[in-house]
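K.L.:
Take a look at the letters that make up each chain.
Number of protein chains: 2
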Amino acid sequence: MSKRLALVAGFALPMLVQPVSAQTAPAPMVAKMKALMASPAFAKAKTSLDSDWDRIVKDLVTLTEIPAPPFKEATRAKAYAAMLTEAGLTDVEIDAEGNASGIRKGTGGGAPLLLVQAHLDTVFPEGTDTHVKHEGDKLRAPGIGDDTTGLAVLLALVRALDRAGFKTKQDIVFAGNVGEEGPGDLRGTRYFFQKSKYKDRIKQFISIEPSRESVTTGGVGSKRYKVIFHGPGGHSYGNFGIVNPAYAMANAITAFSKMQVPATPKTTFNVGIVEGGTSVNSVPHDVAMTIDMRSESKAELDKEDAYLKSILQPAVDMENKARSTSRGSITYTLQQIGERPVGQTPEDSNIVRVATAAQNVVGVTPRYGAGSSDSNIPMSLGIPAVTLGSGFPTGGNHALDEWVQVEKAGTLRELQVDLATIITLANGQ
Amino acid sequence: MSKRLALVAGFALPMLVQPVSAQTAPAPMVAKMKALMASPAFAKAKTSLDSDWDRIVKDLVTLTEIPAPPFKEATRAKAYAAMLTEAGLTDVEIDAEGNASGIRKGTGGGAPLLLVQAHLDTVFPEGTDTHVKHEGDKLRAPGIGDDTTGLAVLLALVRALDRAGFKTKQDIVFAGNVGEEGPGDLRGTRYFFQKSKYKDRIKQFISIEPSRESVTTGGVGSKRYKVIFHGPGGHSYGNFGIVNPAYAMANAITAFSKMQVPATPKTTFNVGIVEGGTSVNSVPHDVAMTIDMRSESKAELDKEDAYLKSILQPAVDMENKARSTSRGSITYTLQQIGERPVGQTPEDSNIVRVATAAQNVVGVTPRYGAGSSDSNIPMSLGIPAVTLGSGFPTGGNHALDEWVQVEKAGTLRELQVDLATIITLANGQ
Numbered sequence: 000m001s002k003r004l005a006l007v008a009g010f011a012l013p014m015l016v017q018p019v020s021a022q023t024a025p026a027p028m029v030a031k032m033k034a035l036m037a038s039p040a041f042a043k044a045k046t047s048l049d050s051d052w053d054r055i056v057k058d059l060v061t062l063t064e065i066p067a068p069p070f071k072e073a074t075r076a077k078a079y080a081a082m083l084t085e086a087g088l089t090d091v092e093i094d095a096e097g098n099a100s101g102i103r104k105g106t107g108g109g110a111p112l113l114l115v116q117a118h119l120d121t122v123f124p125e126g127t128d129t130h131v132k133h134e135g136d137k138l139r140a141p142g143i144g145d146d147t148t149g150l151a152v153l154l155a156l157v158r159a160l161d162r163a164g165f166k167t168k169q170d171i172v173f174a175g176n177v178g179e180e181g182p183g184d185l186r187g188t189r190y191f192f193q194k195s196k197y198k199d200r201i202k203q204f205i206s207i208e209p210s211r212e213s214v215t216t217g218g219v220g221s222k223r224y225k226v227i228f229h230g231p232g233g234h235s236y237g238n239f240g241i242v243n244p245a246y247a248m249a250n251a252i253t254a255f256s257k258m259q260v261p262a263t264p265k266t267t268f269n270v271g272i273v274e275g276g277t278s279v280n281s282v283p284h285d286v287a288m289t290i291d292m293r294s295e296s297k298a299e300l301d302k303e304d305a306y307l308k309s310i311l312q313p314a315v316d317m318e319n320k321a322r323s324t325s326r327g328s329i330t331y332t333l334q335q336i337g338e339r340p341v342g343q344t345p346e347d348s349n350i351v352r353v354a355t356a357a358q359n360v361v362g363v364t365p366r367y368g369a370g371s372s373d374s375n376i377p378m379s380l381g382i383p384a385v386t387l388g389s390g391f392p393t394g395g396n397h398a399l400d401e402w403v404q405v406e407k408a409g410t411l412r413e414l415q416v417d418l419a420t421i422i423t424l425a426n427g428q
Numbered sequence: 000m001s002k003r004l005a006l007v008a009g010f011a012l013p014m015l016v017q018p019v020s021a022q023t024a025p026a027p028m029v030a031k032m033k034a035l036m037a038s039p040a041f042a043k044a045k046t047s048l049d050s051d052w053d054r055i056v057k058d059l060v061t062l063t064e065i066p067a068p069p070f071k072e073a074t075r076a077k078a079y080a081a082m083l084t085e086a087g088l089t090d091v092e093i094d095a096e097g098n099a100s101g102i103r104k105g106t107g108g109g110a111p112l113l114l115v116q117a118h119l120d121t122v123f124p125e126g127t128d129t130h131v132k133h134e135g136d137k138l139r140a141p142g143i144g145d146d147t148t149g150l151a152v153l154l155a156l157v158r159a160l161d162r163a164g165f166k167t168k169q170d171i172v173f174a175g176n177v178g179e180e181g182p183g184d185l186r187g188t189r190y191f192f193q194k195s196k197y198k199d200r201i202k203q204f205i206s207i208e209p210s211r212e213s214v215t216t217g218g219v220g221s222k223r224y225k226v227i228f229h230g231p232g233g234h235s236y237g238n239f240g241i242v243n244p245a246y247a248m249a250n251a252i253t254a255f256s257k258m259q260v261p262a263t264p265k266t267t268f269n270v271g272i273v274e275g276g277t278s279v280n281s282v283p284h285d286v287a288m289t290i291d292m293r294s295e296s297k298a299e300l301d302k303e304d305a306y307l308k309s310i311l312q313p314a315v316d317m318e319n320k321a322r323s324t325s326r327g328s329i330t331y332t333l334q335q336i337g338e339r340p341v342g343q344t345p346e347d348s349n350i351v352r353v354a355t356a357a358q359n360v361v362g363v364t365p366r367y368g369a370g371s372s373d374s375n376i377p378m379s380l381g382i383p384a385v386t387l388g389s390g391f392p393t394g395g396n397h398a399l400d401e402w403v404q405v406e407k408a409g410t411l412r413e414l415q416v417d418l419a420t421i422i423t424l425a426n427g428q
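These protein sequence lines map, in sequence, to chains A and B.
Each residue of the first sequence is one higher than the last, beginning at 0 in numbering that gives the first Met the number 0.
Each residue of the second sequence is one higher than the last, beginning at 0 in numbering that gives the first Met the number 0.
Read the hints as simulated data drawn from the structure, not as lab findings.
Fair warning: there could be bad hints in the mix.
As the list claims (entries may be wrong) - Straight-line alpha carbon distances no greater than 25 Å define the calculated BS3-like cross-link-like pairs of lysine-lysine that follow: (1) A:265 / B:320; (2) A:71 / A:257; (3) A:225 / A:196; (4) B:257 / B:104; (5) A:77 / A:222; (6) A:222 / A:302; (7) A:320 / B:166; (8) A:198 / A:104; (9) A:257 / B:257; (10) B:320 / A:257; (11) A:168 / A:57; (12) B:198 / A:320; (13) A:77 / A:57; (14) A:198 / A:168; (15) A:33 / A:43.
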């Protein structure tokens, strides 16, 4: 079961960040950010984060131990909605897609709003033990880093805003969203932009994922397929000589593996899973492979897609010519199982510059890069979006031995950056 | 689960019988057989079979409803041992391998004996519903034909021998054996010839499998492998460019599919199952395929084996040259998962002629052929062996909709043939 479910996992941000450049914001912007982060109000926010440290860790453990497999985030969503209420948000709800969200009203009377998200779902299937193990300064459990750190941190940011008395012009919606990981195919974020009651008002977007000192400005696009090769099937001995779909698939894989792609913009392809057949002594009825193709460029991704589609029929034809089709011929079915749009938030956009300025103020020159996460959706729609870090050092994301290091100073510094970015973007003062 | 278990299923006799020739026995032998089958004692045996008909069907249903998955035949073996005792055999036991057997002592004081078997195991995994459905003159349930008909029939043969008062010179051991189907790899019969207390005394062998009007004289040999291709694995995007074991396996399958084999002696090959990989966006660590190769000729089977072994390293090398081995290279492991020896009982041997003569007496010119079943073991050892029919018309062997037709006349005719063959071989009078 875990293997089947794992098929659809993946797409964690941390594994995907590709450093593109290291940047500093324009001096006036940094000066303005410095003023904010040196203000008495921001000092209160820092105090709030500092005094909240044990609570952040406690929330992290609590949430990690509520399993949230793909499409089964409901229990964690309910718990998270209660936490959003407790943190002081209003209009807390679980929407039709399953996202838990609440609003922090601004002074501007509505209209444009900033959506800040962390995702509820993990890659791990039902039945995975998510009990947190304490090992020195490490906490170990599946899903604890990606993205449960984001969920815990987001609550601390809300509390810090309130305790410091920050007022922002724009409304800010904070959400724990569903469906970020592979099989979810970004369904939670798609819902926010396509169907939610906020859909036309979201003008800026931040997602918080496990990393630090980075600003993700690009969304790597991807197309995923399952290709199934069908044949008549039969007995390996009694029906020897008939076409075998495994041979047709081998022809296709061999051709696929010869695809030419550019190094820049980065473009990749993969056969991730092969499966099929019922017994060693049966000619299979069906065999299948799953394919992942990605690119930073829509044009290159489209070229990959065209190449894949061009090789399948010849691979099938080759097998139909090599053996007998007396019981039937090989055919194939191409099933799209995922698509993430290519997107980019320009490096000179306000949202990137603000996040960069905040990093610069704390002495960091952030890495820019491209990822594949919830930000792909707004990026592909031309809505300014970045992915920022939850601050915690993490490792083993998507693996059963996933861990988080409870490292206070660096994590709190990242949270100050996140907070200053949010306040500035929401036109706070 | 069913797929994994099904991997090792297969090798049912009925699917494999390859008609080679249709034969009649020498006239004097037919005359002698005719005298036996016209004798008053044999008339009593026929009456016994006729009056036992309902009981045969009842035993068939009872035994079918005791599941006997590969390596899990114990419950059925225990029930069958009790039935062997009830049928009148002595020294009934379940041996160390799990075979249930009993002996019908001859008048010769021991030494050479005839072993008559039907197999206890079915191909179906634990949890399969084996409840028998009655549909007109058909009984439907997984495993009901192959080889539960053989088990039920064998009991009727024992009773007929006793009721007719037949004495034979040789001892006859009747057994319900384990391990005939794929994963069992003939372990029950291997045990009889290699380790059982009868091992040096078995000079003739009959197995009873679902068919009629056939005498299986050849044992098709087979070799089965699982080939696993190992690689470093990694993220499809982050580690793009590294070697992929699925591509190496595709190279191997393509080369394997080009193997040249003769039509006569019949020689076949197959890729039955392909599997591997953990997620669509991971470069797999391991992928694997299962391979079945068979031949009526040991020399041809050995050639197939050599060919397979010659293509694997080049397939791996090709992939290691095509992509980066910076994280590790592709390697492979070849695991043998099954081997059945090639064997043949000459068509002019006494055992084949006796079985043929019995068929001739009831007006049948039996089909000769080669199969892959328990008889392969004695055949490969040069011990005279044939597979005879349980008589019932059957269909859907190894499928969940397997069925048996309750057709009395033709089935009883086949049982008379079996009985006359057994009596003659055991030097009965």
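K.L.:
A separate judgement is required for each hint: does it hold in the structure or not?
P.N.:
To see whether the hints hold, each was checked on the structure:
1. Only pairs whose Cα atoms come within 25 Å are accepted, and residue 265 (chain A) paired with residue 320 (chain B) is accepted, the gap being roughly 22 Å.
2. Between residue 71 (chain A) and residue 257 (chain A), the direct Cα distance comes to roughly 38 Å. Violation of the 25 Å bound is thereby established for this hinted pair.
3. Restraint check for residue 225 (chain A) and residue 196 (chain A): not satisfied, since their Cα atoms lie roughly 34 Å apart, outside the 25 Å limit.
4. Between the alpha carbons of residue 257 (chain B) and residue 104 (chain B) the distance comes to roughly 54 Å, so the proposed pair goes past 25 Å and is violated.
5. This hinted pair does not check out: residue 77 (chain A) and residue 222 (chain A) have alpha carbons roughly 32 Å apart, beyond 25 Å.
6. Between residue 222 (chain A) and residue 302 (chain A), the direct Cα distance comes to roughly 11 Å. Compliance with the 25 Å bound is thereby established for this hinted pair.
7. Of the pairs offered as hints, the one joining residue 320 (chain A) and residue 166 (chain B) is violated, with about 61 Å between alpha carbons and a cut-off of 25 Å exceeded.
8. Pair hint residue 198 (chain A) plus residue 104 (chain A) holds up; C-alpha atoms about 16 Å apart against a cutoff of 25 Å.
9. The straight-line distance between the Cα atoms of residue 257 (chain A) and residue 257 (chain B) is roughly 21 Å, inside the 25 Å bound, and the hint therefore holds.
10. Between residue 320 (chain B) and residue 257 (chain A), the direct Cα distance comes to roughly 12 Å. Compliance with the 25 Å bound is thereby established for this hinted pair.
11. Straight-line distance between C-alpha atoms of residue 168 (chain A) and residue 57 (chain A) comes to about 32 Å, which puts the hinted pair past the 25 Å bound.
12. Of the pairs offered as hints, the one joining residue 198 (chain B) and residue 320 (chain A) is violated, with about 50 Å between alpha carbons and a cut-off of 25 Å exceeded.
13. This hinted pair checks out: residue 77 (chain A) and residue 57 (chain A) have alpha carbons roughly 18 Å apart, not beyond 25 Å.
14. Using a Cα cut-off of 25 Å, the hinted pair residue 198 (chain A) and residue 168 (chain A) holds, with the two alpha carbons roughly 19 Å apart.
15. With a C-alpha separation of about 15 Å, the suggested pairing of residue 33 (chain A) with residue 43 (chain A) holds against the 25 Å cut-off.
Violation of the numbered hints given earlier is confined to hints 2, 3, 4, 5, 7, 11 and 12; the remaining hints are satisfied by the structure.
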